[in-house]
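From first to last, the protein sequence lines stand for chains R and P. Position one of the first sequence corresponds to residue 1 (the numbering used here), numbered consecutively onward. Position one of the second sequence corresponds to residue 10001 (the numbering used here), numbered consecutively onward.
Honestly, the hints are just simulated from the structure, not real lab data. Do not take every clue at face value.
What the hints assert, rightly or not - Examples of chain R residues toward chain P, derived with CB under 8 angstroms:
1. 460
2. 715
3. 720
4. 795
5. 796
Unchecked claim - DSS-like mimics (lysine-lysine), calculated; alpha carbons at most 25 angstroms apart, straight line:
6. P:10614 with R:834
7. P:10650 with R:454
8. R:58 with R:96
9. R:100 with R:815
None of the values given here were measured: they were computed from a predicted structure. By construction, the Cβ of each residue, glycine as well, lies at the ideal position given by its N, Cα and C atoms.
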Amino acid sequence: MRKEIFNFLKRNRIGIILLLVLLLSKSGFAQEQVTVQGVVRDTVSGLPGVVVKVVGEKNGVTSDAVGRFKLVADRTATLSFSFVGLKARQISLRDKKVEKGVIELNVLLSSDNTALEEVAITGFGNKQKKASLVSSITTVNLKEMKTPSSNLTNALAGKVAGIISFQTSGEPGLGTDNSSFFIRGLASFGTGKRDPLILIDGVESSATDMARLQTDDIADFSVLKDAAAASIYGARGANGVVLINSKLGKSGKPTYNFRVENKASSNTQNFQLADNITYMNLANQAVITRNAEGFEPYSQFKITNTADGADPNLFPNNNWTDRLIKDYTVNQSYNLNINGGSTRARYFLAGTFNRDNGILKVDPINNFNNNVRLNNYSIRSNVDFDLTKSTVIIVRMYGQFDDYNGPIGTNNRSGGATTFDNALRSNPVMFPATYPQSKLQYIEHPLFGSSKTKNLDGSFSPFLYVNPYAEMVKGYQVYKTSNLAPQLEIKQDLGMLTPGLNARAMGYLRRISHFSANREYSPFYYQALIDPTDQSYQLTALNDGGLNSAGTPGREYLNYVPGGGAIDSRLWLEGSLTYDRTFKEKHALGGMMVTYMSNYEGNGGDFIGSLPGRNTGVSGRFTYGYDNRYMAEFNFGYNGSERFDQSHRFGFFPSAGIGYRISNEKFFEPLKPVISNLKLRATYGIVGNDAIGPAGDRFFYLSDVNLNNPAYGAVFGRNDGAPTSSKSGISIFRYENANITWEKSKQLNLGIDLGIANSVDIVLDVFKQKRSQILQRIQSIDNASGLAVSPYANSGEAEVKGIDLSVAYHKNFTKNFWTNTRGTFTFSSSKQVKVDEIAYGSSLSHLSRVGYPINQGFGYIAERLFIDDAEVANSPIQQVDPGNRVPVRAGDIKYRDINNDGRINSDDKVAIGYPNQPQIIYGFGSTLGYKKFDFNFYFQGSARSSFFIDPGAIQPFVQSAGYQSGLLQTIADDHWSETNRNVYAFWPRLSAEYNANNNQPSTWWLRNGSFLRLKQVDMGYSFTNLKKIAVKNARLYFSATNLFVMSKFKIWDVEMGGNGLGYPIQSIYSLGLQVNL
Amino acid sequence: MNKLRSMPFKKTLLVGALALTVCVTNTSCKKFLDVVPDNTSEIKHAFKIRNEAEKYLYTCYSFLPKDGDGWFNVGMFAGDEMWLPQNDLAHWHNAFRIAQGQQNKSDPLFDEWTGLRKGNGNFNAHLKIFMAIRHCNIFIENMQDLTKVPDITLTERERWIGEGMFLKAFYHYYLLRMYGPVPIIDKNAAEDATGDELYYKRMPVDDVVNYVSDLLDQCLEKVPTTISQENTELGRIDRNIVLAVKAKLWLLAASPLFNGNPDYAGFKDKEGVALFNPTFDPTKWEKARDAAKAAIVAAEANGHFLYRFNDVGFKFSDTTKKQLSIRNAITARWNPEVIWGLSNSYFINEALCMPAMARGRNTDRFQLMGVWGAPVKIAKMFYTKNGVPIEEDKTLNFNNYTEVKTAGVSDRFNIEQGYQTARLNFDREHRFYADLGFDGGIWYMKDANDQKNDVDNRFYVQAKNAERSGFGHFTNWNHTGYFIKKLVNWESTTNGQNQGPSWKGYPWPEIRLADLYLMYAEALNEVEPGSATAIEYLDKIRDRAGLKGVVESWSNYSSNAGKYTTQAGLRQIIQQERLIELAFEGQRFWDLRRWKLAAEELNKDITGFNILGKTTENYNVERFIFSQTFIAPRDYLWPIGNHDTRRNPKLVENLGW
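Full structure from sequences and hints, please.
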């Protein structure tokens, strides 16, 4: 018995001493009460809803919206700070300074159980103290990712150092409003995967999966940027890795966190069309200016009557944009999560509902909705329980469901974009959207207006004008997607074998199913036949299917067009051993070995696509730190992919890094008050990419032949009734090539972490990446070789250099007023080093892509517009397209003859402008808190990118089947004309026919893609004393996204680039309420 | 530090190493990545059994030019023989762009070197000739390996090899005709060849000719004398075809373009080898003569003869019978005159030839388009009814050929009686009326009436503006006023009211006996000037066309009565006879080049009647359409194009490009 007590005392030495001290102190200072106040923060900003208690007492307080708390406690009390998903802390007040009865206490809570220090996620479920990290990993602060946009990918730009990101469309659903993002920019010009690997709870996910995530449900978000961080992902990590983990439960009573947001969304900018009188006058001019005897499409009679506002059914005067597009649309989102558990089992449950409506008008004539409406629901249940003292089982269930309804698009454009596009590409004055229903009383279908199109000579052509209104309301598309991913994870502490050893196994099965369908009727079109005596009119059907019917015959009922469906399945299994222990207080040793296998299968559409995609491999990570001053690590991935020949199916991807934390050296002590932290890092390594080449072209080591191709068949025989002999033939899609292998990326990263006076944190990384073995088709194949397809080779090389920088500054000016300011800057510049291209001689060297960035634009150098026809005659022949049917005249674009051969053709193209993806992305913003108010703003910018205006898309008056483009105000205001011979006008001489000479990528259409955008403004007010209604705290906030943009380009939102006529990026204003129970 | 070396760390390493060993060295783990099952489609499967190998043989055939399609028969539209409306892109295609002087080396039109820009648009690369040659080589190589295709008889194996060799030879000939010197691809370069072995160089014309000729000789004994299984094999190669192609090859080699052409005297490849032999070689004409003779002997021995309409079931005038003899020699399926019919390319453009007819019940211009038009100069080329050129006929005056005349009763099988039309359309030979439709011209079709005669309900053409066959439709009209009647099968049914035409297509006659006769005559006159045998063979052609012999016609009607007695005079006669007889069959384009006459002919203006005219007076006026230009010697040969000359360092571009 005595022995046991002794042992007990020995084992709990410290606890007992503390207990004694506490007991003593309690008796000594029991009567002294102090006010404790301060801010609870995580690494970036104040935390609302942190429960602050005096240890041993029942009641406590909760921190407010910006993390402030205030309570009265004994001078000797210990306070506990706890918050869902974060490590609780206990702080004794004994050694704190008291000033005038107040203790000022700032508390940092971290999201991990290794208290006090920030932790980064390093892949395969592992974590590492940030302080000991040598690789380049950005830990994303989730608060900053909260925006009113329900698409997480749109929150990345400018907020995560090292990510180049841009958004070109605001159309919800279908993944159309996702931002494209690339870690450290585009590094490959291959045709395979170039965007990062995204892992959500270890589950390989698409950008759209990520878009649907709710920030409220995310525990941590890391971006692995260099080889040292990503090489454990071996063949799949070359483009960087995004790791996102959802929250786990926390023991205790259930807490509820509920958020509701109402959002109004409108286009950031609409393109402006000229009025229809100008339209008709310039349409006439477009014909006459090219051919003085041409047929003027609009009579003076029509123009005058339209101007006078005569009956719009006879003299239509449409503003399609107004007719099709609403000013704004309203959306909702709801998110609820519940968190709690017993000591042995914990749970985190979350449910989300988002509704994103498009901005298209819906007509009451239909009982269906042709506007975009994306409902997405998700349910998440993360349960973990302790099976034994050393075994934890985590079961995660995640279901994500999209219900989409939207307008019908075309093969390559979504419905929303098509509608915007049609608004510009439809004739505004030839027909009204609909005729009054009263005109034909027995007909129930809408009386859409249209008319037969005319040729340039005035004769009728067989097409009907596209009525964009009919196109929009004629039907709808639905799709439903579900994404289910149950996941099981077991963690075993193997401390009994040796302290610091842990094992972990994880597996998931993810099934995605998707179907889509179109339902549409075929509209009936009518034309007004005017009685000239009294200007009354009768309607005549244009497409009733009769003898003179034009276009597609109408159909009253909806029919069904299957849009396809897909089901795929991914099974993933991984197992790992980790070891983490510090010896003799100074030697921190860590190790990890992981093996994994994955199998992906789906209905791929063809034989090759249906075969499983597989990866397997083993990865390891070994770290050593000495005295928190010197660190070193070595990582590797040894991976196999099913795509390659057996001889190089497996690849080895090593990386290593070293770090030096100077600020922990003794000699640094005097500098510490100024420079609180200084660390230097360097890493180098190799990462691979097996997702090369087009998705349908996977097995390069096998030939691919069609042994029954009718295109290569033949028929023989008399063919007079007796059977002939007919057989299909053979065609070759791919020759076997056993040499094709990974794309490889060698990456060097040099970093510096600098903390100044505990209030400024700077992380700066400089990187250089060399991508080699990029898969490309061999260009120099002579046609005489007769090869059916050019073979591929791993012959490309590219280089990326750049920096990424993040700066954060946090300061409490007074106890009521604090700020938190941060900024990021990412610069990434690529260079194509080895491109398979033909041997251009010295006179054509300007055509070579070598040395230029990836996605560099090439085009002609436009000098100006031709002054007169004599200049055209005396200049090099402009033969940009030998089939061009419009002769080059004064007022057309004059190009420079680069190779001086007296003619302008594709040999005269040169690299112009910056690449079409920005080389610089930056952002900066600040959060200011004052008492219960908080205010937050963020600017985001982009620089060094160029884009081409697509003149073919905006050329007015040119008719193509039933489409005839409208007139942008910019063109109406500023074009070359015989009376205004401005050789630098925005638009060249008008033409009613497609004019290939002016429709070329050239400096004339090149625009600067730089912009600076006020991306986000938030204002909030927090309520804290709401105990009467059982609310711990609540925050009411107003938030706005994409408020304005500064750019030289004014015609549409510059971020949309050449895609300017699509569905615009949205400005979103939202009012939200967040409640914690 | 001692602890570092102690047990726990070792254990970790051990466990890690174990994990590594388990996965990576385990064969099952390697198998895990072997996802591709056996028996996926690979090239080796093509020669496992006869049935699959036969598909490969058919593949070799599938690249034969689709000459029965005006969009793919470059001879039809790249020259001056036919013209299309240009106001609209509906009938626009690559060959026709060449006719309009748009050929270029950055994106060559009708580019057989790359297989691009054939037909309508920039595609159709699947018909690349070099790909065909590669396939032929693979086929021949595999069939020569007796271990492959075990279930085939030796005779059939030999025949297939022979067919493969013929096709390979023909594809070389086809390229030679377009490009002059071309690479000889007797063996394929490896798929993964690099550098020097990857690139072929162009070979001198004489080498190519000899190579093709030898190959044709080799395959001659392997292929059957004639096709016996007509129901399933007509269209496959027999000896008649081999000999006919050999005759064409040597005629091309002997002709002025390739035989001692001074324009190309200095044309050398990058190693300095002359690609053209600058010395005229008269023995080439002898070879051409012998080859043509051999082809004729074989063809006649195997039952080929000049077609004549001979159906007693019809009560036809002599005129109609003669004209049907001319038309049906092309359009009757497998008629005895056809030496090589392309069973894989039936003529498919009849709707573009035939307009809506007066007295016809179908007036739909989408179904009866009549878009293909012959320029006035082609209409003038045909002889008078006396069998001599219109400029030479001393009995008939065509000086004012647009002057209007009224058709009388004697014209009634050629021109609607009482109709007023241009002088040019009167007093012409049967081939004029058999080949061309024109304002007022009769267009005999079998289904015009049920009476089996050519008297009732005779279709004729009304081609003035806004008339049935005239200008007025938005895409489909004829730009010259001359329609191509020759290519329309008289048995096609076009007279339905509510039902579209049923076009009776026919395997395109790639080579017919008349062609061989004319080739023989041409070669004979070059070897023995003014050859009587040459005239004998010309007269066979003229007789079928309803004309008197050369001697009689010229003696009696020509202002140049002794023309046939000189080599040059007879050459002209043979050439004109050839151009008339083979008109609209895609031959003129190649013949003008071969004779080096393109620079003269293709620099003339394209004209037509005034299709915008609504009255007889307005309509019968010659209207300028297009000023053609032909730059010699550049345009005699195709540009190889930047795409390949910039890739293959051994390749030289043709002169002038």
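So, going through the hints one by one against the coordinates:
1. 460: holds (6 angstroms)
2. 715: holds (6 angstroms)
3. 720: holds (7 angstroms)
4. 795: Check failed: Cβ of residue 795 of chain R comes no nearer than 11 angstroms to chain P, outside 8 angstroms.
5. 796: violated (16 angstroms)
6. P:10614 with R:834: violated (66 angstroms)
7. P:10650 with R:454: It is violated: about 52 angstroms lies between the C-alpha atoms, which goes past 25 angstroms.
8. R:58 with R:96: holds (23 angstroms)
9. R:100 with R:815: holds (15 angstroms)
When each numbered hint is compared with the structure, violations occur for hints 4, 5, 6 and 7.
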